[in-house]
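Using the sequences and the hints given, assemble the complete structure.
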Amino acid sequence: GNSVTQMEGPVTLSEEAFLTINCTYTATGYPSLFWYVQYPGEGLQLLLKATKADDKGSNKGFEATYRKETTSFHLEKGSVQVSDSAVYFCALKERNNRLAFGKGNQVVVIP
Amino acid sequence: NAGVTQTPKFQVLKTGQSMTLQCAQDMNHNSMYWYRQDPGMGLRLIYYSASEGTTDKGEVPNGYNVSRLNKREFSLRLESAAPSQTSVYFCASSEMRLTSTDTQYFGPGTRLTVL
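Protein chains in written order, with this note's numbering: chain D, 772 to 882; chain G, -5 to 109.
Be aware that a few hints might be false.
Distance condition first, Cα-Cα at most 20 Å in a straight line; then the derived EDC-like pairs of lysine to aspartate or glutamate [what the hints assert, rightly or not]:
hint : chain 1 : residue 1 : chain 2 : residue 2
1    : D       : Lys827    : G       : Asp96
2    : D       : Lys827    : D       : Glu847
3    : D       : Lys823    : G       : Asp96
4    : D       : Lys839    : D       : Asp825
5    : G       : Lys51     : D       : Glu865
6    : G       : Lys51     : G       : Glu73
7    : G       : Lys3      : D       : Glu813
8    : D       : Lys831    : D       : Glu786
9    : D       : Lys874    : G       : Glu53
10   : D       : Lys823    : D       : Glu813
11   : G       : Lys3      : G       : Asp20
12   : D       : Lys874    : G       : Asp20
Some chain G residues flagged as far from chain D (calculated, every beta-carbon gap over 10 Å) [stated by the list, open to error]:
hint : residue
13   : Leu7
14   : Gly10
15   : Met13
16   : Ala18
17   : Asp20
18   : Met21
19   : Asn56
20   : Asn59
21   : Leu63
22   : Lys65
23   : Leu72
24   : Glu73
25   : Ala76
26   : Thr80
27   : Leu106
28   : Thr107
I should point out that these hints are in silico values taken from the structure, not numbers from a laboratory. All residues carry an ideal CB built from backbone N, CA and C; glycine is no exception.
See below:
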């Protein structure tokens, strides 16, 4: 079946540091890929998405590129802010329009 | 335009009690979903409704029932709550267009504790 794997453990970094969160997937075909962000006490919000190979999704300084050859969709931001502290979820859309989520990564940005 | 709303925000139940979580969306979306979020588990789909009048089981449906009351509303019922159902519950909706760009929009969540 389809699945999404995110790197283990929380990520703690200093303000203005470079952020990478790894995401790899297993799926039949070429699903759409998403990054969602969850701020403390809130629901999930769509951060960015990509629908086909080599597409780059971008929003709020975050970027992720759909890599078919490595089945990956890693999230990056060049200079994080304290306000980026949140939980980040990678997800893929299955054929019946359901989303399969990774386990999420807590990101803590220290001033 | 409130998006997806959920009630209540918090709830404490005793084992064996029943309750219904309410969800409504004002975006005229066709599809609605219920997820639960547990530490280290990500989000898992409980039930979904692809369109008004239809419901289907997701990954973890046991112990839950749902009702798609109309296009706007999709409720989740716990008939006999168990401590294992302590979780944060999220409702979501999407247009369910036949394109790959369809996006799910989430409510703020209901934090449920079963004692």
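Checked hints:
no. : hint                 : verdict
1   : D/Lys827 to G/Asp96  : holds, 17 Å
2   : D/Lys827 to D/Glu847 : holds, 11 Å
3   : D/Lys823 to G/Asp96  : holds, 14 Å
4   : D/Lys839 to D/Asp825 : holds, 7 Å
5   : G/Lys51 to D/Glu865  : holds, 15 Å
6   : G/Lys51 to G/Glu73   : holds, 16 Å
7   : G/Lys3 to D/Glu813   : holds, 11 Å
8   : D/Lys831 to D/Glu786 : holds, 15 Å
9   : D/Lys874 to G/Glu53  : holds, 15 Å
10  : D/Lys823 to D/Glu813 : violated, 29 Å
11  : G/Lys3 to G/Asp20    : holds, 18 Å
12  : D/Lys874 to G/Asp20  : violated, 29 Å
13  : Leu7                 : holds, 21 Å
14  : Gly10                : holds, 29 Å
15  : Met13                : holds, 20 Å
16  : Ala18                : holds, 14 Å
17  : Asp20                : holds, 15 Å
18  : Met21                : holds, 13 Å
19  : Asn56                : holds, 18 Å
20  : Asn59                : holds, 19 Å
21  : Leu63                : holds, 21 Å
22  : Lys65                : holds, 16 Å
23  : Leu72                : holds, 20 Å
24  : Glu73                : holds, 24 Å
25  : Ala76                : holds, 23 Å
26  : Thr80                : holds, 17 Å
27  : Leu106               : holds, 15 Å
28  : Thr107               : holds, 16 Å
In this structure, the hints that do not hold are numbers 10 and 12, in rising order.
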